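Residue numbers (the numbering used here), protein chains in the order written: chain A, 9 to 372; chain B, 39 to 353; chain C, 1244 to 1593.
No lab work stands behind these hints, which were simulated from the structure alone.
Errors might be hidden in some of the hints.
What the hints assert, rightly or not - Simulated restraints, written as ranges between beta carbons of each label pair:
| id | chain 1 | residue 1 | chain 2 | residue 2 | range |
| --- | --- | --- | --- | --- | --- |
| 1 | B | LYS160 | C | LYS1363 | 48 to 58 Å |
| 2 | B | ILE279 | A | PRO116 | 39 to 49 Å |
| 3 | C | GLY1307 | A | ASN171 | 53 to 63 Å |
| 4 | C | HIS1376 | A | SER253 | 32 to 42 Å |
As the list claims (entries may be wrong) - Once the Cα atoms are required to be at most 20 Å apart in a straight line, the calculated SDA-like pairs of lysine to any residue come out as:
| id | chain 1 | residue 1 | chain 2 | residue 2 |
| --- | --- | --- | --- | --- |
| 5 | B | LYS160 | B | MET184 |
| 6 | B | LYS248 | A | VAL158 |
| 7 | A | LYS28 | A | GLY47 |
| 8 | C | LYS1454 | C | ASN1258 |
| 9 | C | LYS1420 | A | ALA161 |
| 10 | A | LYS109 | B | VAL262 |
| 11 | B | LYS248 | A | ASP77 |
| 12 | C | LYS1420 | A | HIS344 |
| 13 | B | LYS248 | B | PHE261 |
| 14 | B | LYS286 | B | PHE143 |
| 15 | C | LYS1420 | A | HIS325 |
| 16 | A | LYS141 | B | LYS347 |
| 17 | C | LYS1420 | A | GLY84 |
| 18 | C | LYS1363 | C | THR1352 |
| 19 | C | LYS1363 | A | PHE314 |
| 20 | A | LYS192 | C | PRO1565 |
| 21 | A | LYS192 | C | PHE1533 |
| 22 | C | LYS1420 | A | GLY346 |
| 23 | A | LYS192 | A | MET180 |
| 24 | C | LYS1454 | C | ARG1308 |
| 25 | B | LYS347 | B | ALA278 |
| 26 | B | LYS160 | B | ALA237 |
| 27 | A | LYS115 | B | VAL262 |
| 28 | B | LYS248 | A | ALA161 |
| 29 | C | LYS1363 | A | GLY346 |
| 30 | A | LYS192 | C | GLU1564 |
| 31 | A | LYS109 | B | THR263 |
| 32 | B | LYS248 | A | GLY84 |
| 33 | B | LYS248 | A | THR81 |
| 34 | B | LYS248 | A | ALA140 |
| 35 | A | LYS115 | B | GLN259 |
| 36 | B | LYS347 | A | ALA140 |
| 37 | A | LYS141 | B | ASP245 |
| 38 | A | LYS109 | B | MET265 |
This structure is a prediction, so every number in the text was calculated from the model and none was measured.
Idealized CB from N, CA, C, for every residue including glycine.
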Amino acid sequence: MSSIHLKGLTKHFGSFQAIKQMDLDVHDGEFLALLGPSGCGKSTTMNIIAGMEGATTGRVLFGERDVSDVPMTRRGVGFVFQNYAIFTHMSVRANLAYGLKVRGVPKPEIDKRVAAIADFLQLAPFLDRPSAKLSVNILQRLAIGRSAIVQPAIFLLDEPLSNVDAAFRAVMRTELKHLQRQFKQTMVYVTHDQLEAMTMADRIAVMDHGVLQQVGTPLDVYNNPANVFVARFIGSPGMNLLPASLRETDGNIVADLGAAGVSRPLPRGAAKAAYAQGIQDVWFGFRPEELSLAADSQGIAASVTFIERIGSRTVVHFDAGQAAGKAVFQNDVPLHAGGAAHMVPADAAVRLFDRSTGRAIGEA
Amino acid sequence: MTSFAETEATLAIAADDADRADRRLGLYLTLPAQILVLFIAVFPLLMQLYISLTSWSPLSGRGWWDAWTLWNNFANYLNLAVDARWWSALLRTLLVMAICVPAEFLLGLALAILFMDNFRGKRVFYSILLMPMMVVPAVAGYMFFMLFQSGGPVNNIASAISGHNVAIAWLSNPSLAFIAVAVADIWQWTPLMFLILLAGLLGVPDDQLKAATLLGANWWQRFVTIMLPRMRAIIVIALAIRLIENFKIFDTLYIMTAGGPGTATETISVFIYKLTTNDLSWGYVAAIALVVLISLSVALGIAIARQTKRREAAS
Amino acid sequence: MASIEFRSVTKRFGNTLAVDEASFRVEDGEFFCFFGPPLSGKSTILRLVLGLERPDSGEILFDGRPVNTVGPAERNVAMVFQNLALFPHLTAENNVKFPLIERKIDPATIGKRVGEVAEKLHITHILHKFPAHLSGGERQRVAIARALVRDPVAYLMDDPISALDARLREETRVELKRIQADLGRTLIYVTHDQEEAMSVADRMAILEGGKIRQIARPADAYDRPASDYVARLLGAPMINILDATAVGDAIELAAGAISLPSAAVPKGTTRVGVRPENLGIVPGSDATVFEVEPLGGFTVVTLQAGAERMRALLRGQPRVEPDSRVGLAVDPAAVHFFAADGQSLARPGT
Chain A
9 MSSIHLKGLT KHFGSFQAIK QMDLDVHDGE FLALLGPSGC GKSTTMNIIA
59 GMEGATTGRV LFGERDVSDV PMTRRGVGFV FQNYAIFTHM SVRANLAYGL
109 KVRGVPKPEI DKRVAAIADF LQLAPFLDRP SAKLSVNILQ RLAIGRSAIV
159 QPAIFLLDEP LSNVDAAFRA VMRTELKHLQ RQFKQTMVYV THDQLEAMTM
209 ADRIAVMDHG VLQQVGTPLD VYNNPANVFV ARFIGSPGMN LLPASLRETD
259 GNIVADLGAA GVSRPLPRGA AKAAYAQGIQ DVWFGFRPEE LSLAADSQGI
309 AASVTFIERI GSRTVVHFDA GQAAGKAVFQ NDVPLHAGGA AHMVPADAAV
359 RLFDRSTGRA IGEA
Chain B
39 MTSFAETEAT LAIAADDADR ADRRLGLYLT LPAQILVLFI AVFPLLMQLY
89 ISLTSWSPLS GRGWWDAWTL WNNFANYLNL AVDARWWSAL LRTLLVMAIC
139 VPAEFLLGLA LAILFMDNFR GKRVFYSILL MPMMVVPAVA GYMFFMLFQS
189 GGPVNNIASA ISGHNVAIAW LSNPSLAFIA VAVADIWQWT PLMFLILLAG
239 LLGVPDDQLK AATLLGANWW QRFVTIMLPR MRAIIVIALA IRLIENFKIF
289 DTLYIMTAGG PGTATETISV FIYKLTTNDL SWGYVAAIAL VVLISLSVAL
339 GIAIARQTKR REAAS
Chain C
1244 MASIEFRSVT KRFGNTLAVD EASFRVEDGE FFCFFGPPLS GKSTILRLVL
1294 GLERPDSGEI LFDGRPVNTV GPAERNVAMV FQNLALFPHL TAENNVKFPL
1344 IERKIDPATI GKRVGEVAEK LHITHILHKF PAHLSGGERQ RVAIARALVR
1394 DPVAYLMDDP ISALDARLRE ETRVELKRIQ ADLGRTLIYV THDQEEAMSV
1444 ADRMAILEGG KIRQIARPAD AYDRPASDYV ARLLGAPMIN ILDATAVGDA
1494 IELAAGAISL PSAAVPKGTT RVGVRPENLG IVPGSDATVF EVEPLGGFTV
1544 VTLQAGAERM RALLRGQPRV EPDSRVGLAV DPAAVHFFAA DGQSLARPGT
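Take the sequences, apply the hints, and build the full model.
Structure representation (structure tokens):
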């Protein structure tokens, strides 16, 4: 079994807590993205899984087996480094063969497997080239091939696309995801780019300040962020959050956005429950893509500060009350910078967050 | 990023255009320095060549410029070819080299590997380890001269360990004197080797070592397949420095044994020194010096050319 | 303030043609962007404007006045460097002052100019701080203030925000655009990021190998690219460019997965460009779903039909199963037609 289980993991560097009490299960054959801004502890988590660093407390299990004390030489994880860590003093072939050679696999067997993997990753034409001067995409395939050839049960990738230019990154994303889906290889992919995590992963684990914020499928995390951090971090642009206070009118709960107006009645039981619990100060959240223009004096009253048209997308920057937000439309909109706009978020898209804790006010 | 690269590329091409004019200006600006270098380096060399073709000596009663009156064609060089003392000095020098340099290299490498890891008191050990390098060679020579006296500490310790009185005449026994001299050299120069090799080891990319470890390579496999190849250039440099230096071994040795007993530890430097100060046969000395210089340069040139070629092939 | 014009400017470096017969006119007060891949000549054009390079042929004019032989110091064009190049040991104020002190202007005038510029860029309150204590955006403003304090005719930026991370880049480019709109100065901006170029520029020049391929407003370049090269450079995901084959009365793309009536396709079309957002998915079996990538607000579906791989950008979060068969829908009015040489062809009847 090649599932990964982190149990009560913590990591301290001196007085700095890189990871604060983390439990995470990666299923067999799953593509999990560890996502977070730099310094959030995602790389440390990855290093602990690989055995490059020891945890301060907590256990790492591969399947049933506790590997916490297994040195990294014998953990048998595949690892693709951010800079690929290609052995530049060796040929492409020698790089691919490395893992087999140090294990004492007989030469004919090595040749066979190198040929097979080179064929699969389209590295065959480069086999006898020195690896020092290859292009980034070849280096990346080489790094994957070098790890894959020893057939690790678990594959860890540390921001492998960050050195690739934007257009090619999109292609590599699709390829990598396709590869993973074909082979059902357990993969943990570390990235700070929410786009990579969203597009590739089966599930995303979002981290911030050493704390696991949320684990879920990309759409889960996008649609139902667990807290304000995840809401802002996921999505491009992130979720709009306007300060609001809940109040009751005619038996309905509405969000008072101050100068920006009053929302439509909130359909959620959760809003009611929160209100009953005495939570009044909330963030009124909605995705920039979920807005539609409304007739005057309806919806959120905003003043347009700036309009970007990027290809077929129009990004409208606006101020609503004290807060700023963005709206994304898939076509031109009859708005102009300096003008006023009225926008309504789709009812189902509205999310509420407790302003004192930042936590989502859940659905009921 | 890309536009930086672009700018650099265009600048490089632009540099080609401006090159010719720049080069001329460069020549003018460096001319005084070049003339000075010419005077310092080339003039003595020519003078040496001139004298090496004569039997001139400071006692010949003529100024060096008049040495032509003592012209002896290639007698000095022919003489050298059959001078048994020269050949044995050369062999001895090579023997010292063959013992000291590998020993220094292996010791230095072992120490450098130890220092890759962190351990208690690393800094202190580090300072102690580097001390011999800072000792003036003449002082080191004197230290070992004292250590290897028949009543000296080396014999004392040997006595204490073996339980009976040891009185080895280290410096007056031809083969033991040789060992003593080698020990002194190794003591003094292992630290330099250590320092260079440690720098080399620390320069091996950490992620490559990690990658190798994750692929299942044990320490020895990592050492052979990653560390050594990555350190090749620096190893060549370290060996070259020590080989050249060791070839010129003189001060420590001269103070310990003065090349003796007899000529048992007479290396080329000592040989030349004796010829110069005792025999005053400067024409002959000039010839030897030239031969040494040229053969060293040729050997070094070949070594460097080979290294460069390999690096070009690798990249 | 000035307009900047190139007339058939060519610049070679040895055998390399860095800029090839470039002609353009940047209007006074315009935000003009040069966009292209590495080595397409963007930076050389900047250097020609700055006067750091002399053109081999052609004319450079500022406000209609030739400046070919005018040195960089007299051209009075300011440059904001990518790394901003602020002096860390000087306060923001002294950084801004620096170009004036160098020019030996009297202190009262200097104070007045710095005050004006600081006001315009809203940095008056941070003038006493050192660069290390400023945020990225504030540093950017200080660098711009320093460029503007000597009242240049135009200011130039060479990929000024490419070192920032994605989120911050999006914020900063909007900021830059606002600053420029406020100041009303001519700004020549170089970038290799298509999104950035489309976001900020009033007009943009798209470069390839030293040649200007198109000069247009970003939306026009996107909607009406001059060639498949331009079409490919703008837009993410990248436009699908498919080989066109005439079969009977129709033009077929991607091994018959898409079929357009011949009447809707201009003569001489060899390739057809379909933007991912104009490629729709309907029930059917024209293509196989290679991979589905959710973005949240959008979904990218990669499709395989014959040897061609295409991307469709769908709104929202539709359920599309990988490896399933789907039908494709394309509006002939929303596609681009390209001739064998890559040039765009006009739609019939327009």
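Practice item. Please write out, lowest number first, the hints stated earlier that are contradicted by the structure. Key: Hints 3, 5, 9, 17, 24 are the ones this structure does not satisfy, whereas the remaining hints hold.
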